[in-house]
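*Asks:* Please build the complex by placing chain S on the supplied structure of chain C, with the hints as guidance.
Protein sequence lines, in the order shown, are assigned to chains C and S. Under this note's numbering, the first residue of the first sequence carries the number -1, and numbering increases by one thereafter. Under this note's numbering, the first residue of the second sequence carries the number 36, and numbering increases by one thereafter.
FYI, nobody ran anything at the bench for these hints, they're computed from the structure. Each residue gets a CB set at the ideal place from its N, CA and C atoms; glycine is no exception. Warning: the hint list may mix true and false statements.
[Stated by the list, open to error] Over the 12 Å line for every Cβ pair with chain S, so calculated as not near, a few chain C residues: (1) Val10; (2) Gln15; (3) Lys25; (4) Glu38; (5) Arg62; (6) Arg76; (7) Arg82; (8) Ala91; (9) Gly106; (10) Ser107; (11) Thr112.
[As the list claims (entries may be wrong)] Here are the simulated DSBU-like cross-link-like pairs (lysine-lysine), alpha carbons at most 30 Å apart as the crow flies: (12) Lys69/C with Lys25/C; (13) Lys103/S with Lys42/C; (14) Lys103/S with Lys25/C; (15) Lys112/S with Lys95/S; (16) Lys112/S with Lys42/C.
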Amino acid sequence: NAGVMQNPRHLVRRRGQEARLRCSPMKGHSHVYWYRQLPEEGLKFMVYLQKENIIDESGMPKERFSAEFPKEGPSILRIQQVVRGDSAAYFCASQDPTGSANYGYTFGSGTRLTVV
Amino acid sequence: GNSVTQMEGPVTLSEEAFLTINCTYTATGYPSLFWYVQYPGEGLQLLLKATKADDKGSNKGFEATYRKETTSFHLEKGSVQVSDSAVYFCAQHTGRRALTFGSGTRLQVQP
Chain C
-1 NAGVMQNPRH LVRRRGQEAR LRCSPMKGHS HVYWYRQLPE EGLKFMVYLQ
49 KENIIDESGM PKERFSAEFP KEGPSILRIQ QVVRGDSAAY FCASQDPTGS
99 ANYGYTFGSG TRLTVV
Chain S
36 GNSVTQMEGP VTLSEEAFLT INCTYTATGY PSLFWYVQYP GEGLQLLLKA
86 TKADDKGSNK GFEATYRKET TSFHLEKGSV QVSDSAVYFC AQHTGRRALT
136 FGSGTRLQVQ P
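This is chain C alone, in the form it adopts within the complex (with noise of 0.2 Å):
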C-alpha cells in the first residue's frame, strides 16, 4: 500500500510561470490537506479538499494559488505567475474516510518550488 506520492520532488520555474504539483493520496483516502512550509519554519495549512470539493480554503492565498481533487485522478496544487515568495516546500496529507481528527494524518515527502 504505497503512502501518499507527490511529485516533482523538485521543481525549478522562473518567475511568471506557472507550478503544477501533484499529490497521490493513500489508496482509499479521499480526504486531501496541501500546506507549505518556508525555510526554517513550521508548516501552514492551505487548503482542504475531498473528492470534487472544496472543503476549506481559508489558508489560501486570494490570487495565484488555485486547488483541485477530481473524481478521477491526483489532487492538483496550482500557482501561476510564480514569485520569488512562492518558493517553499509544499506537503499533501491525506487522511482515511471517516475523517476522524483522532487518527492523525499521512504525509508526502513534499515537493520543493525554487523561484528564480
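*Replies:* Chain S only, in chain C's frame:
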C-alpha cells in the same frame, strides 16, 4: 485563535543524553495533540499523539503527556541516538480538521 508554540532550536545533545522539547498550545476546547518528525529531505511522519487530557502518547522511546492544566505536550526521550537527529513539530488538531503546527525544533545528536 489556535496556536502552537515550541522551544526554538537547534537543540544539540550528545548521544544517550535526555531530551525535552517543550510545546504549549492555545485552543478553544480540547484539541488532539501530535508530535511529528521530519528527517532531512523527507515529509512528516507521525511520531505520537494524545487525544484527551492526561493521555500519554509514546513511540520509539519518545513520550509526551497531554497536560490540560498547563496546556502543554512536551516531548521527552530518556536516551537519544544519532539517528534521532531531525526536526520535530508539535501540532494540534483544530475544529476545521486541519492541523496547526508549531515552528519546529531541530535536534542534532552528536556521537
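*Asks:* Can you list which hints this structure breaks, lowest number first?
*Replies:* 4, 8, 9, 10, 14
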